[in-house]
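Asks: Here is how the chains run, residue by residue.
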Amino acid sequence: MRVLIKNGRVVDPSTGTDKTLDLLIEKGKITQIKPNIRASGAKAINASGLVVAPGFIDMHVHLREPGQEDKETIATGARAAAKGGFTSIACMPNTNPINDNRGVTEYILSEAKKNAAVNIFPIASITKEEKGKELTDMADLMDAGAKAFSDDGMPVQNSQVMRRALEYSKILNTVIIDHCEDKNLSADGVMHEGYYSYFFGLAGIPASSEETIVSRDIILANKADAAIHIAHVSVKGAVDLVKEAKRKKVKVTAEVTPHHLFLTDSLIESYDTNLKMNPPLRSKEDVRALKQAVKDGTIDVFATDHAPHTVDEKDVEFDRAPFGINGLETAVSLLLDKLVDKNVISLHRFIEMISTNPALILRLENKGKICVGADADLTILNLNKIIRVDVNSFKSKSRNNPFQDWELKGAPEMTIVGGKTVYSSSSLKNT
Amino acid sequence: MAFKHKHLLGIQNLTSSEITTVLDTAESFFEVSTREVKKVPTLRGKTIINLFFEPSTRTRSSFELAAKRLSADIINFNLNASSAAKGESFKDTILNLEAMNPDAIIIRHSCSGATHYAATFSQSNIINAGDGFHEHPTQALLDAFTIREKKKSFKGLKVVIVGDILHSRVARSNIFLLRKMGARVILVGPPPLLPEELTQFGVEIDFNLDRAVEGADVIMMLRIQLERQAKNFFPSIREYRNLYSLTAQRFQRAKKNAIIMHPGPINRGVEISADMADCAKSVILKQVENGVAVRMAVLYLLLGGKEREGTD
Numbered sequence: 000m001r002v003l004i005k006n007g008r009v010v011d012p013s014t015g016t017d018k019t020l021d022l023l024i025e026k027g028k029i030t031q032i033k034p035n036i037r038a039s040g041a042k043a044i045n046a047s048g049l050v051v052a053p054g055f056i057d058m059h060v061h062l063r064e065p066g067q068e069d070k071e072t073i074a075t076g077a078r079a080a081a082k083g084g085f086t087s088i089a090c091m092p093n094t095n096p097i098n099d100n101r102g103v104t105e106y107i108l109s110e111a112k113k114n115a116a117v118n119i120f121p122i123a124s125i126t127k128e129e130k131g132k133e134l135t136d137m138a139d140l141m142d143a144g145a146k147a148f149s150d151d152g153m154p155v156q157n158s159q160v161m162r163r164a165l166e167y168s169k170i171l172n173t174v175i176i177d178h179c180e181d182k183n184l185s186a187d188g189v190m191h192e193g194y195y196s197y198f199f200g201l202a203g204i205p206a207s208s209e210e211t212i213v214s215r216d217i218i219l220a221n222k223a224d225a226a227i228h229i230a231h232v233s234v235k236g237a238v239d240l241v242k243e244a245k246r247k248k249v250k251v252t253a254e255v256t257p258h259h260l261f262l263t264d265s266l267i268e269s270y271d272t273n274l275k276m277n278p279p280l281r282s283k284e285d286v287r288a289l290k291q292a293v294k295d296g297t298i299d300v301f302a303t304d305h306a307p308h309t310v311d312e313k314d315v316e317f318d319r320a321p322f323g324i325n326g327l328e329t330a331v332s333l334l335l336d337k338l339v340d341k342n343v344i345s346l347h348r349f350i351e352m353i354s355t356n357p358a359l360i361l362r363l364e365n366k367g368k369i370c371v372g373a374d375a376d377l378t379i380l381n382l383n384k385i386i387r388v389d390v391n392s393f394k395s396k397s398r399n400n401p402f403q404d405w406e407l408k409g410a411p412e413m414t415i416v417g418g419k420t421v422y423s424s425s426s427l428k429n430t
Numbered sequence: 000m001a002f003k004h005k006h007l008l009g010i011q012n013l014t015s016s017e018i019t020t021v022l023d024t025a026e027s028f029f030e031v032s033t034r035e036v037k038k039v040p041t042l043r044g045k046t047i048i049n050l051f052f053e054p055s056t057r058t059r060s061s062f063e064l065a066a067k068r069l070s071a072d073i074i075n076f077n078l079n080a081s082s083a084a085k086g087e088s089f090k091d092t093i094l095n096l097e098a099m100n101p102d103a104i105i106i107r108h109s110c111s112g113a114t115h116y117a118a119t120f121s122q123s124n125i126i127n128a129g130d131g132f133h134e135h136p137t138q139a140l141l142d143a144f145t146i147r148e149k150k151k152s153f154k155g156l157k158v159v160i161v162g163d164i165l166h167s168r169v170a171r172s173n174i175f176l177l178r179k180m181g182a183r184v185i186l187v188g189p190p191p192l193l194p195e196e197l198t199q200f201g202v203e204i205d206f207n208l209d210r211a212v213e214g215a216d217v218i219m220m221l222r223i224q225l226e227r228q229a230k231n232f233f234p235s236i237r238e239y240r241n242l243y244s245l246t247a248q249r250f251q252r253a254k255k256n257a258i259i260m261h262p263g264p265i266n267r268g269v270e271i272s273a274d275m276a277d278c279a280k281s282v283i284l285k286q287v288e289n290g291v292a293v294r295m296a297v298l299y300l301l302l303g304g305k306e307r308e309g310t311d
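In order, the protein sequences belong to chains W and H.
The first sequence begins at 0 in numbering that gives the first Met the number 0 and counts up by one.
The second sequence begins at 0 in numbering that gives the first Met the number 0 and counts up by one.
All clues given are correct.
Computed cross-link-like contacts, DSS-like style, restricted to lysine-lysine with a CA-CA straight-line distance of at most 25 Å:
#1 W:K313 <-> W:K396
#2 H:K230 <-> W:K130
#3 H:K90 <-> W:K313
#4 W:K169 <-> W:K242
#5 H:K230 <-> W:K182
#6 H:K285 <-> H:K150
#7 H:K254 <-> H:K150
#8 H:K67 <-> H:K285
#9 H:K5 <-> H:K67
#10 H:K90 <-> W:K396
#11 H:K254 <-> H:K149
#12 W:K222 <-> W:K169
No wet-lab data here; the hints were simulated from the structure.
Just chain W, with the same shape it has in the complex (with noise of 0.2 Å):
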């Protein structure tokens, strides 16, 4: 099937383009970008006054399937993707079993194939059940399909574990992702040390518990010579540490969460549950740096952390709740707004972190671009709509955000995967 779509703005980083043009999509790839495509026969999306970006790409998901599928499955957390104008997401191994062997990736993405709106791909654990002990065996995982490691939710404690993890990683292309933060400090803790923590009375989470596993990493991985990825940095000493590292030419890249941009410790008073994630809110100090590094260029990539959990889990006291919220259905309209719009980064940078650099770090050859050749997955947004957030319309299974009426500036009208849509927001009609 042929697909044209006329007139949008074509923004892709990969090749700096920001222009109108038609792009025709044969077989599930691009094939023409050039202005008045003429493709007789072609099913026409007419994207003028919209921007046609490549498609985005969340590289930290957890779909809960296998294992708690009242949370979410691969379906809805797809269809969640698609309708937040994901295109393709990574999805974490934490799940009921581990994704610790071939026979669960296997499994992973035949569900995938059969159900998922998005493309699925998975990421396996480090190390075996997440038990921080032993290597899962990572090359027979790469041949199943996972496309990243990470012990994410039980992050590797022990330094030589993930010393070997790093060096073994060299010999498959691949990339370690980290969820930095040592349980020992952060123990029992349920939102960010500080002030407001002592004024709640919560058990706090210190900013050293990020601080010390990222700065393990970066000398780890240095001394490998192999790439790591910082999962959700949030706070400021850890942006420091990663980009003195980059300056260095240590091979780490790093993401950051729209909650961590966007909501601060001290909301926390009402102890609502949806404010309670790992790692925490952080300070107003934090959050500055965090935008500072957006800018800058020290952190690479928006990911949501996406964590459903079901109401009656996060119905519950501040203490006794579950870390994570729902992220995939708010972010692109978050990171629209509050940074787009409001000119603090630029459209171009927005692109770049939410498609271009997840795909580089996952290395998904022919995604995160628009070029003849690549995959037809593509994101069109448009810049001036105005939604408002309603957790009771999520695609996904969970309504665990704390996003809830929030007006935002920016959504995504239609998200094509392989030259099919796979969501179209009821505005755009097809011609």
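Fit chain H to the supplied structure of chain W, relying on the hints for placement.
Replies: This is chain H only, laid out in the frame that chain W set:
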């Protein structure tokens, strides 16, 4: 004399004039407990539930007596928080109790913010009897009642609070209250239990008890719990006692008419020497006595007024 709160969740939500209203009201109720017939009909027909998810003798009995002396009907639920966590949720427990149409629910819970959470879905008046490390408002109010009784005014008083400030809801509520009323507050304890950020509450911190006690009007000792030692907040009870126990020698540095307070239960010979706990300057049992009057005042102000509707 307006007190337009539906709940008593913390001192943080009260103004200084509302605090004064509670203390004045408590004064008028104090005499009831000294009568031959210790009962007034003020809250006849009201139903109150004491819902305690943590062990307590003092606070629970104090609320129970306060309710009974106001002629309210009160029942006690003592639930083990950990077994409750495995079975019925906190929310379901409250909704079930509420189906029996109580007027107020007094809650003690090990999780900070539990009473704030309850207030988001409960129809009853919620009274916080201690939530986690957060607040214990009636304790601070009875402490204030006792201080006012002895010192007449809060303005300029030097109040020294000693011990595990980090994990103390009593300390937090007292800090909020004493600062609102204009007292000077100095917190004392070992550094791991006394983070620097606490100075943002408008208090001073000092790691040296001898220095801090100098010229104090009020010395409030907090119970030190053994489990803190296991987590290395301090090396040993022996070392803690050497550095932070209130002894006669240390107390000499305070003002002549200084008073000694403790929310109980006390560890004799640990945070306070036995002779100090029992001396004439100690008002520890007076605090307990005043607790009943203060809790009568709180119940009356929340349940007895005409204006049932209000903000929290």
